[in-house]
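So the protein sequences, as listed, match chains C and H. Note that the working numbering has the first sequence beginning at 24, numbered continuously upward. Note that the working numbering has the second sequence beginning at 24, numbered continuously upward.
Since the hints were derived computationally from the structure, they do not count as laboratory data. Here the structure is a predicted model, which means the values were calculated and not measured. Incorrect hints may appear among the rest.
Copies of one chain are not kept apart here, so a pair can be met inside one copy or by any two copies together.
[To be verified] Heads up, simulated SDA-like pairs for lysine to any residue below, C-alpha to C-alpha not over 25 Å straight-line:
id	residue 1	residue 2
1	Lys208	His224
2	Lys285	Val303
3	Lys27	Ala194
4	Lys216	Gln95
5	Lys216	Ala142
6	Lys285	Val106
There are 2 protein chains.
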Amino acid sequence: MNIKQVAARLREMDGILILTHVRPDGDTIGSAAALCQALRQLGKEAYLLYNPEITATYLPYAEPYWAPEGWQPKTVISTDVAVADLLPENAAPYRDHIALAIDHHPSHGYFAAESYVDASAAACGEIICAIIRELTDITPAIALPLYVAISTDTGCFVYSNTTANTHRVAAELMGCGIDVSGVNKALFRTKSKVRLAMEAHMAANMELYDNDRVVVMQIPQALCEEMGATMADIEELSSLAALVEGTDCAITLRELSGDKVKISVRTGARVNATEVCRLVGGGGHRAAAGATVSGTMEEAKQAILAAVAKVTGV
Amino acid sequence: MNIKQVAARLREMDGILILTHVRPDGDTIGSAAALCQALRQLGKEAYLLYNPEITATYLPYAEPYWAPEGWQPKTVISTDVAVADLLPENAAPYRDHIALAIDHHPSHGYFAAESYVDASAAACGEIICAIIRELTDITPAIALPLYVAISTDTGCFVYSNTTANTHRVAAELMGCGIDVSGVNKALFRTKSKVRLAMEAHMAANMELYDNDRVVVMQIPQALCEEMGATMADIEELSSLAALVEGTDCAITLRELSGDKVKISVRTGARVNATEVCRLVGGGGHRAAAGATVSGTMEEAKQAILAAVAKVTGV
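Just chain C, with the same shape it has in the complex:
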């Protein structure tokens, strides 16, 4: 399928429900919201499936599009969902009936009847932008969530996935007259006092391995509780470890309830993060991947350090 064929398929659809992934980020929500708005501009009925884990950060972009309770879709599509296991629980009735998946993860699982996957896109939002260009005008109501999608998945144009096309799309979206300074301020230039304190704690307790090339930061559940951290406070905390000078493999471990640990891995050229995370049952991108494992923080740490050692041959 090419972009024009995806656009043609979308033109044929109606009664469309758009699915996003668990622990929704700006890309899955922004892509879904922009596509939903574009479909509505074509006169179609389209909604997003409510995502129970959405944080206050992204809620404003999704809220206008939530499907009403009990509404029955005719067609189901997904944006930025790599594998069906990353769909939220309330998507269970739809997971075997997804007509079209649009995604940019190299680890995409081809769970839908048809798929459009471009792993060279920094964000799923870049693909959605190309599709929408074929369908309708990029209005401010489309441009704003698309900007959220591409800016969040590139850390505001700083991650190594950023390409000339990412900037070209950003220029096009800003040219629609949207004011991105409020978005940038809220998403990238605001830290709560709780977050500043958590970052200071993580930095003070970081551990270095493999000749100081591997850094491990930990977010114990007790720390979150003690500080009264919200989900928004801990969102993207894994980017902190990746800043430590001299390291090229940054591991962040976050203790979840039920004896589980969420592992985030950010890497430089030497280490393939997807390969590392695959060894513990996860996936993602070359420079940013993740996994959720069972066990204690210490067990998770040992498991992911062993995976890094295996992949790097150290």
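Based on the hints, put chain H in the right spot on chain C.
Same frame as chain C, now just chain H:
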């Protein structure tokens, strides 16, 4: 003067010395280096005046262009220099003989025989890019320092000065085949352990004023000495205060030697940073300005808080 006229003037020149400002940042160095390279591509003799305060961060971009000791220029120009007082001391012999100043500061002092000032440009590098387009091909040797210029002055496309044109220029530069991921990693995604510790200290000791809308962070000289901080460690530390949730006026005070204090002010829409800094003898942009004052840290703090109160009418 328009861009074409500036380009025409540059074509007439030879034996060109380019001046940068004190405490050189990526924009003054990147703009000067890119312009110097472009002039050399035209077959001209062109150099940068050595800037004694350059840090390791920007040295690689300037080093190939430093003027040899004793070299006598025929023409002198400046990039990103707002007022003549911001020229380094070794520029004293040239300050009354500057043929052309290219700048983007609204507080530009028109100290040169001719000036091209565009305050709508996020970075001086955007202007330089437009000029170079008229002169020669944008080769990778030009594109890389220009990328450094525009990315540093926009905090990597996150500050409110970023426009659609900023992204358009970034797309054009990346399209030249330069690899910006190394630049982004070094400039925006690397923090030394000393810097992480200093940020933690500043965050722990921050003070809030004016119903928590004004935040003050301080960098005492004793802290820098105790931690063995280099200039690179404290570069752009003023961006930390601007992150504190709920504030729209972030003041950072850095104690310099000789009983002086460098004040940095970053503001939201409510507060004009340039107006605030003008009241204590400084200048800059609407959302980011600075000043260097004599006195103790406490005196500097009282002076700048009084200036904020006067400008905001609180």
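Evaluated hints:
no.	hint	result
1	Lys208 with His224	both (24 Å within a copy, 23 Å between copies)
2	Lys285 with Val303	within (11 Å within a copy, 50 Å between copies)
3	Lys27 with Ala194	both (22 Å within a copy, 24 Å between copies)
4	Lys216 with Gln95	neither (43 Å within a copy, 54 Å between copies)
5	Lys216 with Ala142	neither (36 Å within a copy, 34 Å between copies)
6	Lys285 with Val106	within (17 Å within a copy, 52 Å between copies)
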